[in-house]
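Here is how the chains run, residue by residue.
Number of protein chains: 2
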Amino acid sequence: MSVLVVGSVALDTIENQFGKADDSPGGSALYFSSAASFFSPVNVVGVVGTDFDFKIINFLKNRDVDLNGIYIEEGKTFRWGGKYHLDINKRDTTFTDLNVFQNFKPTIPKAYQNSKYVFLANIDPELQLKVLDQINDPNLVVLDTMNFWISSKKAIVEEVIKRSDIIILNDEETREFTGNPNLLSAGKEILSLGPKYLIIKKGEHGAVLLGENSFFTTPAFPLELVKDPTGAGDSFAGGFVGYLAREKNMDKTTLRKAVVYGSVIASFNVEDFSFNKLILLTENDIQKRFEKMREITQIE
Amino acid sequence: MSVLVVGSVALDTIENQFGKADDSPGGSALYFSSAASFFSPVNVVGVVGTDFDFKIINFLKNRDVDLNGIYIEEGKTFRWGGKYHLDINKRDTTFTDLNVFQNFKPTIPKAYQNSKYVFLANIDPELQLKVLDQINDPNLVVLDTMNFWISSKKAIVEEVIKRSDIIILNDEETREFTGNPNLLSAGKEILSLGPKYLIIKKGEHGAVLLGENSFFTTPAFPLELVKDPTGAGDSFAGGFVGYLAREKNMDKTTLRKAVVYGSVIASFNVEDFSFNKLILLTENDIQKRFEKMREITQIE
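Taken in order, these protein sequences are the chains called A and B. Be aware that the first sequence starts at 306, since it is given in this note's numbering, and climbs by one per residue. Be aware that the second sequence starts at 306, since it is given in this note's numbering, and climbs by one per residue.
Any given hint could be a false lead.
All copies of an identical chain are treated as equivalent in the list; a pair is satisfied when it fits inside any one copy or across any two copies.
Said to hold, decoys possible - Within a straight-line C-alpha distance of at most 30 angstroms, the following computed DSS-like cross-link-like pairs (lysine-lysine) qualify: (1) K597 to K501; (2) K435 to K395; (3) K415 to K388; (4) K501 to K459; (5) K381 to K593.
Derived by calculation from the structure, the hints in this document are not laboratory data.
Construct all of the structure, not just a fragment, from the sequences and the given hints.
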């Protein structure tokens with residue numbers, strides 16, 4: 306089953322102790338697609354400037370990723386810069402040049418309007434609502450957002466949450482959205498708005514899948530070297546949604562496996578800059594790490 | 306098999322959003338004993354002032370905890386004060402009155418010198434070394450310490466690490482000791498000093514058990530209300546060492562179960578001030594939460 310993702314396509318400039326990446330491909334829609342495409346076909350809706358060279362994402366074409374929904378607008382592609390601390394879990398944004406992304410009004414191509422699996426990557430929640438208005442009858446809507454929208458447009462974020470099935474937030478966003486420092490009860494407050502599940506991403510500490518009467522937690526895959534955490538959240542979401550779309554199922558085991566596959570893909574993604582690692586990844590690599598996740602969490 | 310613990314006996318004054326506890330029993334040795342005693346007999350070595358009223362820890366007598374190694378010295382008992390933030394994972398120390406603890410020179414009673422299971426709670430590492438000199442042939446030495454000793458007496462902490470089998474640190478201490486922000490490789494640096502295992506406590510994010518060729522991770526038991534995290538680390542250690550001493554075994558499954566039992570006991574401890582929760586706890590309560598830990602981490 307195909308997955309539709311609406312999000313950003315960016316050129317990232319990343320600096321940290323391990324090196325530098327200049328104008329390398331990134332953005333939520335591409336990180337998501339790279340990850341989800343291991344499990345399902347993906348249709349991408351986004352925007353780039355006339356300076357965007359599609360050759361740099363040629364690898365996505367071998368993976369059943371349809372880029373026809375990426376609009377090319379007069380101007381420059383969205384650019385983002387980040388500098389990571391020595392503790393790679395922390396970073397500063399060095400610049401944000403929205404460029405053509407500033408006026409992005411996502412139009413969903415007719416061919417995608419019957420999408421059953423939809424991922425609303427982190428964009429303005431008003432646009433996320435407009436995306437949902439264009440989808441006929443989705444089975445599953447998964448939502449990502451960020452602190453910027455929570456603090457500036459909370460009521461609208463809340464509206465999108467109410468129209469989504471699964472919300473993905475990190476721990477800080479969960480606390481900020483609710484004003485509740487206890488993650489579990491904060492999570493339950495978010496569930497009370499209507500979605501079936503909340504996933505709380507905790508970076509190096511893994512992720513939690515919270516349902517009304519269920520709780521599952523998985524660690525991050527242990528890594529001695531994290532080279533570039535950019536895109537970790539979106540590649541997690543890609544693995545998660547991609548797996549669910551492949552299985553066409555939302556039972557307990559499938560959901561839990563999807564969370565673990567998401568974590569596994571994210572763990573590969575952070576081992577190198579941009580898509581360098583995801584480009585080379587094989588299904589066997591993924592499966593080996595999935596089994597390892599089982600081993601390191603199993604009590605006996 | 307009995308466990309020997311050498312550590313502090315304190316009267317704590319805790320303040321937070323849920324209330325206040327004044328001069329209530331605490332300290333590493335007592336938190337450890339309360340927890341370990343669910344699994345094994347415990348012998349405690351510590352010091353109190355003449356103002357200490359042993360009646361307030363009467364509950365430990367019903368649990369095979371031998372308090373004969375607690376010396377009573379002229380003066381006042383060690384007192385500590387802490388104030389927790391709205392985010393209960395953060396706290397400030399409001400005062401530290403060492404009192405009789407200032408001159409604590411632990412003498413191990415003859416009856417304890419053949420102890421096979423030893424927990425060195427967080428005290429001056431020079432004293433920890435002196436404790437080890439008085440133990441004849443322990444099977445297992447488990448060590449706790451803190452950032453204060455890591456920054457002020459690192460070389461001596463390193464000596465104690467070399468003479469211990471299992472080290473328990475929190476994530477910040479692990480990073481501080483090694484200067485390495487990556488937890489996994491920092492952990493391996495510590496293992497290279499000689500101990501067989503390192504446990505990294507991560508508060509609300511659970512704990513990691515790291516061996517030379519092994520890795521296990523468990524979440525913290527999910528709680529909607531954490532009322533007082535004081536003693537969480539020591540009650541974790543108590544559950545962990547107590548279980549190992551009962552099982553007299555260090556195989557993979559026993560170690561993993563010990564980590565989970567440690568987490569379970571700590572999760573009860575933080576649900577109320579002082580020992581209020583541990584006093585009432587039953588084996589059935591512990592077992593139920595242990596099974597729940599299995600359920601929330603099991604992929605399928």
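Structure-based check of each hint:
no., hint, result
1, K597 to K501, "both (28 angstroms within a copy, 21 angstroms between copies)"
2, K435 to K395, "neither (33 angstroms within a copy, 41 angstroms between copies)"
3, K415 to K388, "neither (39 angstroms within a copy, 59 angstroms between copies)"
4, K501 to K459, "within (20 angstroms within a copy, 50 angstroms between copies)"
5, K381 to K593, "neither (40 angstroms within a copy, 58 angstroms between copies)"
The structure does not agree with the numbered hints 2, 3, 5 stated previously, though it agrees with the rest.
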